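Colleague: Chains as they are written, first to last, in the UniProt record's numbering: chain A, 1 to 340; chain B, 1 to 340; chain C, 1 to 340; chain D, 1 to 340.
Treat the hints loosely; a few may be bogus.
As the list claims (entries may be wrong) - Derived lysine-lysine pairs resembling DSS-like cross-links, with alpha carbons at most 25 Å apart:
#1 244/B - 244/C
#2 244/D - 244/B
#3 244/B - 244/A
#4 244/D - 244/A
#5 202/A - 244/A
#6 244/A - 244/C
#7 244/C - 244/D
To be verified - From chain B, some residues computed to sit far from chain D (all C-beta separations above 10 Å):
#8 8
#9 15
#10 87
#11 93
#12 143
#13 152
#14 173
#15 244
#16 305
#17 318
#18 335
Claimed, not checked - The following label-pair restraints were derived from C-beta to C-beta distances:
#19 47/B - 87/C: 52 to 58 Å
#20 107/A - 138/C: 18 to 24 Å
#21 12/B - 304/C: 53 to 59 Å
#22 151/D - 6/A: 47 to 53 Å
#23 302/A - 13/D: 28 to 34 Å
#24 327/B - 46/A: 33 to 39 Å
#25 6/A - 119/D: 57 to 63 Å
#26 119/D - 199/C: 54 to 60 Å
#27 45/D - 334/B: 38 to 44 Å
#28 67/A - 87/C: 41 to 47 Å
#29 199/D - 108/A: 34 to 40 Å
#30 302/A - 199/D: 54 to 60 Å
#31 22/D - 334/B: 42 to 48 Å
#32 340/A - 52/D: 53 to 59 Å
Hints in this document: simulated from the structure, not taken from any laboratory. Because the structure is a prediction, the values reported are computed rather than measured. In this text, a Cβ means the ideal position worked out from N, Cα and C, and glycines have one as well.
Residue strings, one per chain:
There are 4 protein chains.
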Amino acid sequence: MVVVMGPEAATAEVDAVVRRVEEAGGEAFVSRGVSRTIVGLVGDVEQMRALNLRGMAGVVDVVRVSAPYKLVSREHHERMTTVRVGGVPIGPDTFTLIAGPCAVEDPEQTLEAAEMAKAAGATLLRGGAYKPRTSPYAFQGLGETGLKILADVREATGLPVVTEVVDAHDVELVASYADMLQVGTRNMANFALLQAVGSVGKPVMLKRGMSATIEEWLSAAEYVAQRGNLDIVLCERGIRTFEKATRNTLDISAVAVAHGLSHLPVVVDPSHSGGRRDLVLPLSRAAIAVGADGIIVDVHPHPEQALCDGPQALVDGDLRALAAAVRQLPPLLGRGPAVA
Amino acid sequence: MVVVMGPEAATAEVDAVVRRVEEAGGEAFVSRGVSRTIVGLVGDVEQMRALNLRGMAGVVDVVRVSAPYKLVSREHHERMTTVRVGGVPIGPDTFTLIAGPCAVEDPEQTLEAAEMAKAAGATLLRGGAYKPRTSPYAFQGLGETGLKILADVREATGLPVVTEVVDAHDVELVASYADMLQVGTRNMANFALLQAVGSVGKPVMLKRGMSATIEEWLSAAEYVAQRGNLDIVLCERGIRTFEKATRNTLDISAVAVAHGLSHLPVVVDPSHSGGRRDLVLPLSRAAIAVGADGIIVDVHPHPEQALCDGPQALVDGDLRALAAAVRQLPPLLGRGPAVA
Amino acid sequence: MVVVMGPEAATAEVDAVVRRVEEAGGEAFVSRGVSRTIVGLVGDVEQMRALNLRGMAGVVDVVRVSAPYKLVSREHHERMTTVRVGGVPIGPDTFTLIAGPCAVEDPEQTLEAAEMAKAAGATLLRGGAYKPRTSPYAFQGLGETGLKILADVREATGLPVVTEVVDAHDVELVASYADMLQVGTRNMANFALLQAVGSVGKPVMLKRGMSATIEEWLSAAEYVAQRGNLDIVLCERGIRTFEKATRNTLDISAVAVAHGLSHLPVVVDPSHSGGRRDLVLPLSRAAIAVGADGIIVDVHPHPEQALCDGPQALVDGDLRALAAAVRQLPPLLGRGPAVA
Amino acid sequence: MVVVMGPEAATAEVDAVVRRVEEAGGEAFVSRGVSRTIVGLVGDVEQMRALNLRGMAGVVDVVRVSAPYKLVSREHHERMTTVRVGGVPIGPDTFTLIAGPCAVEDPEQTLEAAEMAKAAGATLLRGGAYKPRTSPYAFQGLGETGLKILADVREATGLPVVTEVVDAHDVELVASYADMLQVGTRNMANFALLQAVGSVGKPVMLKRGMSATIEEWLSAAEYVAQRGNLDIVLCERGIRTFEKATRNTLDISAVAVAHGLSHLPVVVDPSHSGGRRDLVLPLSRAAIAVGADGIIVDVHPHPEQALCDGPQALVDGDLRALAAAVRQLPPLLGRGPAVA
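In isolation and in its complexed conformation, chain A is listed as follows (with noise of 0.2 Å):
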């Protein structure tokens, strides 16, 4: 069940909801949105029901759901969220390119693909301090080292930074860095790093796991949201198939099936899809057509010497092509530049 309270109820109001519910053995998940609260309630149904919550200050609605996502989902939220990542928005009237590095390696080649980022029309930067790699012998990241590099490059070029965090030990030390915590493929089932990085207070990129369908992978959102968070951007970044041209199988169709479902906004991440460079620009020009909120995209300044991903950072000629497309495509579909 959920318990949907009005837009001017008080703290104290909801408070008095969580703790009917919680004396009654039942959990309640507050998640404060920006126009209304939403409290989500794990237990007995039907004792919940005689709790008689919908007579309560400040609630406007008791809704019964069945499906295994609720806050989420657009079933009670038709207006598309803005999920605002150092002021840059994601969402419906924009579309956000996020660009940087795969991995962070060092402070120079991290600042000059932030400078190439940037001077494509880049508003936020990716880059990876944590890297979750399949061998236990690759190059995993540089940890807090990296992330200082990415707070020092936020200082230089004004880009808000998005990063991975892999382990929930480590999410309030990178939410102390980054403005976005980006959970990974292979961690989108890991519900303690979700439940994490939910009550941190920071906004949240989901990327779907790579076996994952995109009701389990709502699902995923709804542990971050229960937690009182409800700043998620979901990624689409590739399934697994048995094709192997590529790296993964860009599901396109995932990002307009997600936003029917949900109200949240979604992002493609071209370059990890495809891995390969020359899908990049193609594949980026399919997402902006098909309707996503934003792309992801790797660049590096000299992607023959990168640690990680090399073959799919994008350089010069291919950088300044997407940087054409983001310019040009968008507005056809009503979507303005994503500035702070």
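Using the hints, position chains B, C and D against chain A.
Modeller: Relative to the frame of chain A, chains B, C and D by itself:
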């Protein structure tokens, strides 16, 4: 091995090459294109080499190819092919809208659907007279009666006809009515059918098998090409994956990958990929943006009464939105309308 | 709808049913089994019902079926079917080893492989004269020459022959040599071929399509059954997944699922599933243990010289180990040897 | 690189190797096995080579490895590993039945299920106190209360306990109750969790990710091994494919493939693979026959009331049939009962 004949090579010169190969125990497949003729050889490579074909009259080059496809490869055929269907081009300079009913049901429904299609900007009519259905108890199409209806509707509307053939026995019959023969996803590896449509002298639309890799798809096209027919259009129509929110998963990347590997045009079927009316428009936009040479779309005057795939057929409002996208987006990518 | 005729129904009685249905504009497919005859109807259900077929002589029951398959379903056919191939049973009481070369290359290789197979306990000989290959430049089989070799080897060894047919045109020819016709994975949804093999009066081995669901596989079997042939053996040969350590992923569960849904025998192809010689023995053991009615295995006297799929063909030591497993395990599951 | 220490190497000798590597800026992971100790190195290969580790006391060999996994590979560890869980072996000489409830619900249900398991021949008890569920609104397990119930039931029945841990924070707590820690399919690539369970000194059961390749699965095991723990049991539990008749597709070949690549034991979970009670027995038989070292099976005294996965839990008749198969089949493959 492939023997490339010069543009001015005489038929007798081509015949001489074939004869020499066959006398040596090999097989030779002649493919006459607009600009040149190609002869694909099968047989012992060493023996073929000893024939000294390069010295024969009319021969420009003899190439040894190791890929499973040769004639359809871009490797020795850099310029992209434009296929003409009843005069209507499908190729790099245009964007072609192919539309019509999934199945031909009766003259009225077919004419009405064709007029809807034409009003939306379609310049080719699709429609199935032979329907390969999973269950033998489902509607299997009207057969020759359906072909006659299509021919009548072509007469009435001026739209050339694309229609499926499912059995090598029927190729001559279908070719006597149709302007383009479609090989469906279930028959992509029906090599007897591929060879039959390759021999009959009409353009071919080859749908990708639902679990075929891009390499296998191009190899299937090679079976058609080997019989002397390079007027082949590839059609991406979604692959089979674990995701069930859509009927199939549109592999949008495959358009770009196939364009990189082959000189053949590639179109997208957004109707069968998603299996949902609400996805046709966004997927069509994505197809245009990724660089497809056209789309093939189901329309039906009364989808709720359709005998086949009603839930994905477009009607009024949706079709107008599609028409607008097909007018506006392709010119941005340098493509003009595809008219005869 | 399905009309079930009594075991003692006369041919004239069956014909009368068919005539009445056809006169009403419907279609009737007669399937004569050992114990009874079934007539499957296609047409308007209400109209069929009005014919009062239940009252006709020889009719035991008229059943309305909603599943995409009827004749092959266990729903009205609880007893499991035993198919006899040149006298050799494939069914619930026995375990049948089918073995031979992937492709017939010449008389010596075929005879040698057949003798290896026989020595290992095989009672049916497999061997391909028509090979559907992804690339048109790969070896496509010897055609009728190969069929003659198979017939000669049958003469020499006494082993009935199972061989693939890939084109509806060739069905009569292949049936004139073979004891069982195989429809391969690429042709599982080639409905014209299914109907042709269903009409020719020889047992059929139907391989599962590489991305076919179990329901689609049974529906394909229904196409064969509709033409009056219930002597169908299903063959699980691996499905296409993301895993690349094996050529396909053997869906061992499919054997048990198919046995639950259909009365037809199910065999397993451990050679094409794994594509690796070292997996044939463990996968054969698993097939026996899961309840398969037989296995079909590639053997070759000189795998390193094989024209097709050499890496999966068994030779001496492996084949002896397989022979031991086939002798020892099936009796524990209540199955005896499958001899004519 | 991997440093192999001799069986008699002193702790001080191992420490010296680690110190030298760390002083050179590299990382060293010590894995102490029964017969020898292995030190895995991460860092610049050239620099490591220059350290001349081969000359140090106690060092037997220094091996450069290119595969993404080393310590779990058979390449330098030909003898198959036997893992002991509370004294009960899982390895090449035995067949181990692990059984119990999917989720611990209360003391009575758990004890009853454990007694059912024991009567059927199980020598290890499974049961979940922490349940990772797709929906945050589904039952998530009893947590520490559940662990205490498991410990009490172990006391009562003598069965060592296998239970899942889903969060690195909980590893110490779970390890204080359990005899073996299970890492579930959703967490196979949760590298922080893998490292935590690798450090705590208890055997680990590592389920395969639902879309993980076998290579990725072994690489995940390597994360555990790197922390000094080679007591790892791999568990094949079905992969995600297009087929929907079963919950997952049991990749039976993976057992044989993993045995070829790694010295670790491999067990099969026939309950979660199929998700259907009627498939547990045939899939268990197949698992035994293919060469698995054990199976892990859901049992529940009242499946219709189960809070989790009731449709796949075994009850009386089915469980007796399973017990019979586990008694009869493994001895034919040279395996004895797995008792402490």
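Colleague: Check the structure against each numbered hint from earlier and tell me which ones fail, lowest number first.
Modeller: 5, 15, 19, 20, 21, 23, 24, 27, 28, 30, 31
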